[in-house]
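Chain by chain, the residues:
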Amino acid sequence: MTAVVQAKGLCKRYGNTVALDNVSFDIQPGRIVGLVGPNGAGKTTALKAILGLAEFDGSLSVLGLDPRTHRTELMQQVCFIADVAVLPRWLRVGDAVDFVGGVHPRFSREKCEKLLARTKIKPTQRVRELSKGMIVQLHLALVMAIDARLLVLDEPTLGLDILYRKEFYNNLLGEYFDDQKTILVTTHQIEEIEHILTDLLFIKEGKIVLDASMDDVSERFAEVMVNPDKADAARALKPLYERQIFGKSIFLFDGVDKARLAELGELHKPSVADLFVATMKGTYS
Amino acid sequence: MSQNSMNTITPTGKFAWQVRREFWEHRGGFLWTPLIIACVMLAFVAMGLITAELTARQHGFTMNGIQIDQLTSHLDAAQMAKFQGSMDVGLITMGFPIRIALFVVVFFYALGALYNDRADRSVLFWKSLPLSDTQSVLAKVAAGLIVAPAFAVLGMIVLQLGFLLIMTLFAAFHGVNVVPYIWSPTHLIAMWVKLAVLIPVNALWALPTMGWLLLCSAYARSKPFLWAVMLPVVAGVIITWMQLMQSFSLRSGWFWQHIIGRLLLSLVPESWINLDSLRALEHAGDDPAGAIGNLFSFGAIADQFTSPNFLIGVAVGAAMIAAAIWLRRKRVEAYA
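Chains A and B, in that order, give the protein sequences.
Counted from 1, the first sequence has number 43 at position 55 by this note's numbering; the numbering is strictly sequential.
Counted from 1, the second sequence has number 227 at position 190 by this note's numbering; the numbering is strictly sequential.
Worth flagging that the hints you see were computed from the coordinates, not collected in a lab.
Each hint can be trusted.
Calculated cross-link-like contacts (lysine-lysine; reagent style BS3-like; alpha-carbon spacing at most 27 Å):
1. K195(A) / K367(B)
2. K269(A) / K218(A)
3. K367(B) / K(-4)(A)
Using the sequences plus the hints, can you model the full thing?
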């Protein structure tokens, strides 16, 4: 199958800041990819490039189209939720449904109404009368009713409480995602979505520092809890990261033989959050 | 989801939805403003008449209906036509406050059209839909230059009908039937056709202002009003000053009228009316209404289409709208 997104040598600078530094990656169909990075690492720039919202250098193909020149066509197959609260505040819910139905060839009105019926949102309400969580519910209902091939989510649940966040991802996974669709998501609440991701893209200072499927990640990386007497032996194996807890040291290793690590202590599968912290160390210093 | 649930979307249909969206957002300015002005003006007329009536009674005057009747019955055909002409001009010019309000509403509409959604980031929602920037911007042009003026005309028609109704009731109260004199369907319909024809003429004339405001709206990272107004005005002041210093051959009056005026004030309805012919009104003699009517005549409208001022304005306006579309495509990242 051909990749949904193929990026080769993407570069983008804002003045003296390099937002994307020769970035290359592929995203395959039917995957849920987490694009993860600290603030200012270039996540949003990469998403904007994919959505044709920013100029850049390099070659980028999204569903076989160049987003710089075929934006309008591309948007028939690509959806995005840029951030919370970008729905215009004056818009009525019913009008929003009518409008998207009027301009989007792949929008299903019935599906959208079905999704909205499960919420407390009424068609006569204006966006400004809705809470932040309800605005996201509305946006998600509009987007999920579109049969798109690529869905891009940029911090879709920022500032929402845990109930809305859980519901958001449950809906997405339960009712929207299938093997024809691809989801690209950035979020800082990585621990909440790591179980739904199939792939990880770590970005740091404009560079991709990790590009792996979740299966690869559990193959490659391992976390070992080591007693102080074996700590030096562990350090000799060049861990990515070391932290202390309850007088023991926890080491994170990349590509070290699991059997060998098991001799040092208790072996764990690292969480994405730990992997993130290990990979990004030194970012803000 | 199955493929057969897809909607059929035509480019015209998309365009219509985008114009409708502009109307939803600006219902207050486009629809309610002219209607409210019409109602307020009618209330003033009614209050004025009631005050006049009560004052007259207090002082023992009574208006004698029979005299008015006698007056009108003595009108010959030529005088009658003149009377009708004056009525038409009176009814058309009565909408002046609505026209001024339309100018203000559309001026600020255009200034915010490509700026406000960048400022509140809702542009990201619109850009997530398969809409071309060209169509989005042209929908805004159509909303400002066709939809808003159409509602203003609606407001003017409400005003005219209300005014005629009040006059008819007032006359009837005094025992006079003025229906045959002021309720002439042919005249009213001809006038409304004229108001409708003026919409596209005004729209073409307004293109330089529309283009300039949209350009500033698409360009500004903040305060589009300052860009739109201060830039031409400061340029005008500098040119006037240079002329005062006698170091510049261009007449500053020309610059104010043809550059600054066209960039900022062409949205004023019927502002294409030739100022020279306005001066001719001084020599209008015994038929000033006819002379005013001539300003709006189909002949005067047709003349516009050969006037360089009009045609160059259309070209410059179209170029600025094209530039605004280009900026609209570029400037998503620039939030205020």
